Amino acid sequence: MLSDAASVRALLGRIVAWDLVACDGPLPDRALADLEWVRLLALTRTQRAEGPLARAISAGALVVTARQQDQAFAAHRAAMSLTLLLERDLLAVHTELTAAGVDLIVLKGAATAHLDEADPAARAFGDVDLLIRGSSLPAAIRVIEELGGTRRHHEPRPGYDTRFGKGVSFRFTRNCEIDLHRTLAPGPFGLRIDLDALFASRQRYEIGGVGLDALDRPSRFLHACYHAVLGDAFPRLTTLRDLVRTAPRSDHECRIALGRAARWQATSVVGAGIDHAVGTFGWTPPEPLRTWARLRPEAAREQRWLAAYTGDDRLPALQALQGLAALEGFADRVAYARAIAWPTSTGPRTAGNVRARRGARALARIVRP
Amino acid sequence: MTPRPGRSGPAGTPTRWTRSPLALFRRVPDGVVVLLLPDGEPELVTGPGGVLWDLLASGPTLDELTRELAARYDHDAEIVRRDLDHALDELRDRRLVVADR
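If you're matching them up, the sequences are chains A and B in order.
With our numbering, the residue at position 339 of the first sequence is 339, and numbering never jumps.
Positions in the second sequence are counted from 1; adding 1000 to them yields our numbering.
Hints listed in this document are in silico derivations from the structure and should not be mistaken for laboratory results.
Mixed in with the good hints, there may be bad ones.
From chain A, some residues computed to sit far from chain B (all C-beta separations above 10 angstroms) [what the hints assert, rightly or not]:
1. L20
2. A33
3. L35
4. V38
5. R55
6. F73
7. H76
8. R77
9. T83
10. K166
11. D179
12. G209
13. T267
14. R294
15. L318
Footprint (simulated), chain B over chain A, 3 or more residues, beta carbon under 8 angstroms [said to hold, decoys possible]:
16. 88 to 98
17. 113 to 121
Far from chain B, by Cβ distances over 12 angstroms, these chain A residues were calculated [as the list claims (entries may be wrong)]:
18. S7
19. W18
20. W37
21. E50
22. I57
23. D70
24. A78
25. L82
26. E206
27. G208
28. R260
29. V278
30. E287
Since this is a predicted model, take the numbers as computed values, not measurements.
Yeah, the Cβ is synthetic: ideal placement off N, Cα and C, and Gly gets one too.
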C-alpha cells in the first residue's frame, strides 16, 4: 500500500534498480490500485525513471493492468522523444561551440545513456549538460545566446562565472534547457575539483556519427556522487542508478576514482553517495569499494561542508560562505567574498540573486558581529 | 525521386542495408522512436518495422532479412521478400536507411 510519499519513492527505487547487478528489493506481486499507480507514475516522470519502469513491465517483473501498461509505455515514448530532441540540440550546440574554439565535455544523462547503459532507452534526461573551461565560458555563453538561449540567472558580479560559479543555465522557447558547467558541484566541493584533471581524462563516444567527449568512467562515478549528494535535498533515483552503473569494478579503477576524490577533498561525498545507493537500492558495492566505504576516513572539514548540502537543512548561503575556505590565494578569496556579499547584478530577482543576497546577509553578520 | 539502387552491386555483390548514421533512435516496448538529423522530429516505427530496425544493426542483405523474418513469423518467403522490398525502399526514401553496395 503506497500510503505516503516515502513509500512511493521506495517502490520506485526498487523499480529503478530492478535490473542492476547486486541490488535487491522485491516488486509487488499484484497491480497497484488506481490512486497508488497515479502517484507512482507522477513520481516516475519527476525522477525521469520512465525507462526502468517500462523495461520492468516489459520483462514481466512488475505486474500492471493493461491500462497502466499503456500509460507507462506512453510515458516512455514521450521521454525518449524528448531525449532524441535534446540529442539533436546537443549536436547543433556541439557544432557551434567547436567552431567557436570552445572545448567541451558532455555530462550526465546525454553521456551515461550511451556509455553506462546496455540500452540507451533505459536512461531518460531532460536537459543537456556540458562542461566548459572557465576561460571559455564567455565565448560559450555568446554562442548559446546567439542560438536563442536565455540565461536563467545573472552572475552576481562580472567575472564570477569564469572564476567561481558552478555554471550557467539557459532556457529556450522550445522544450530545451542547456547547462554550461564550469565545475561539477556548487560551493566548496566544486571549488576544490581539479578542473584540468577533468579535461585531461575523457572517454570518446558517438551520437549521429559525431564524435563527442564524456568524462572518463572514474570521473563519471565521482560526478554521480556529487550530483546525488549535493544536487538535491534527496538524491534523484536515476542519479543513484548512474552511481551504481559507474562504480569502480577493479582495484585499478578504485585507485583512480578514490585518488581523485581524496585530492579534491570529496571522500565524504563519495561515501555519502555510496550510502544513499546502498540504502535506496539494497546495493552491495563491488570490492574493494565496499571495504573502503565501510572503513573510510571521515575528514572533519569535509563533514562540515557536507552538512550545508544535505537533508532539510540545506543552506545555499552557508555553501557559498564555505567556498571561502575552499579557495586558495588572498586575491581569489577577496574577489569571491565581494561577489557573494555585494553582488552588483541589476538583473531580475532570480534564484541566484536571492542566494547571493542571503549569502551577503550571512557574511555581513560575520564581518560585523 | 531518388533512383532505386539495385539489389546487388558490382559483380553481383549483394546490397547490404544499414541504419543511417543520421538516424537517432531509441527502442521502446512497442517499437522504435526515430529522429532524422539534422532537423527531423521524433516518429514511432511500430510492428514489423521495429523488428526490421533491430535486424539492420548487423547490415544484412535482403536475402538474409527475408530468411530471418520468414522464419520468425512463419510466412511465405516470397511474400516476406516483396514486403521487405517495399519497406526498405520506403525507409531509404525517408533517409532512415542506407544501401551499401
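Evaluated hints:
1. For L20/A, the shortest C-beta to C-beta distance to chain B comes to about 19 angstroms, beyond the 10 angstroms cut-off, and the non-interface label holds.
2. No Cβ of chain B approaches the Cβ of A33/A within 10 angstroms, the least distance being about 23 angstroms, so the stated non-interface status holds.
3. Chain B leaves L35/A outside its interface by the beta-carbon criterion, the shortest separation being 24 angstroms against a cut-off of 10 angstroms.
4. With a cut of 10 angstroms on Cβ distances, V38/A stays outside the contact zone with chain B, its closest approach being about 21 angstroms.
5. The non-interface label for R55/A is inconsistent with chain B: the shortest C-beta to C-beta separation is roughly 8 angstroms, within 10 angstroms.
6. Not every CB of chain B lies more than 10 angstroms from the CB of F73/A, the least distance being 5 angstroms, so the non-interface label is violated.
7. Non-interface call for H76/A relative to chain B: violated, since the shortest CB-CB distance, roughly 5 angstroms, does not exceed 10 angstroms.
8. Not every Cβ of chain B is farther than 10 angstroms from the Cβ of R77/A; the closest lies at roughly 5 angstroms, contradicting the non-interface assignment.
9. The Cβ of T83/A does not lie farther than 10 angstroms from every Cβ of chain B; its closest approach is about 7 angstroms, which violates its non-interface assignment.
10. Non-interface status of K166/A relative to chain B is upheld: no Cβ of that chain comes within 10 angstroms, the nearest being about 29 angstroms off.
11. Every Cβ of chain B is farther than 10 angstroms from the Cβ of D179/A; the closest lies at roughly 21 angstroms, confirming the non-interface assignment.
12. Its beta-carbon lying about 4 angstroms from the closest one in chain B, G209/A breaks the requirement of being farther than 10 angstroms from that chain.
13. Separation of T267/A from chain B is adequate, the least Cβ-Cβ distance of about 36 angstroms exceeding the 10 angstroms criterion.
14. The Cβ of R294/A lies farther than 10 angstroms from every Cβ of chain B, with a closest approach of about 38 angstroms, so its non-interface assignment holds.
15. Every beta carbon of chain B lies more than 10 angstroms from that of L318/A, the smallest distance being close to 41 angstroms; the non-interface claim holds.
16. Chain B is given as covering the region 88 to 98 of chain A, and this holds because 3 residues of the stretch bring a CB closer than 8 angstroms to a CB of that chain, at least three being needed.
17. Beta-carbon proximity to chain B at under 8 angstroms applies to 3 residues in the region 113 to 121 of chain A; the threshold of 3 is reached and the given coverage holds.
18. Distance to chain B confirms S7/A as a non-interface residue, since its nearest Cβ pair spans about 26 angstroms, more than 12 angstroms.
19. No beta-carbon of chain B comes within 12 angstroms of the beta-carbon of W18/A; the shortest separation is about 15 angstroms.
20. No Cβ of chain B approaches the Cβ of W37/A within 12 angstroms, the least distance being about 17 angstroms, so the stated non-interface status holds.
21. A Cβ of chain B approaches the Cβ of E50/A within 12 angstroms, the least distance being about 10 angstroms, so the stated non-interface status is violated.
22. Listed as outside the interface, I57/A is inconsistent with that label: its C-beta sits roughly 7 angstroms from the nearest C-beta of chain B, within the 12 angstroms cut-off.
23. Not every Cβ of chain B is farther than 12 angstroms from the Cβ of D70/A; the closest lies at roughly 9 angstroms, contradicting the non-interface assignment.
24. Annotated as non-interface, A78/A brings its C-beta within 12 angstroms of a C-beta of chain B; the closest such distance is 9 angstroms.
25. For L82/A, the condition that its CB be more than 12 angstroms from all CB atoms of chain B is violated, with the nearest at approximately 8 angstroms.
26. The non-interface label for E206/A is inconsistent with chain B: the shortest C-beta to C-beta separation is roughly 8 angstroms, within 12 angstroms.
27. A beta-carbon of chain B is positioned within 12 angstroms of the beta-carbon of G208/A; the least distance is around 5 angstroms.
28. Even its closest Cβ contact with chain B, about 32 angstroms, leaves R260/A beyond 12 angstroms, as expected for a residue assigned away from the interface.
29. Here V278/A stays apart from chain B, with its beta-carbon at least about 30 angstroms from theirs, past the 12 angstroms limit.
30. Non-interface status of E287/A relative to chain B is upheld: no Cβ of that chain comes within 12 angstroms, the nearest being about 33 angstroms off.
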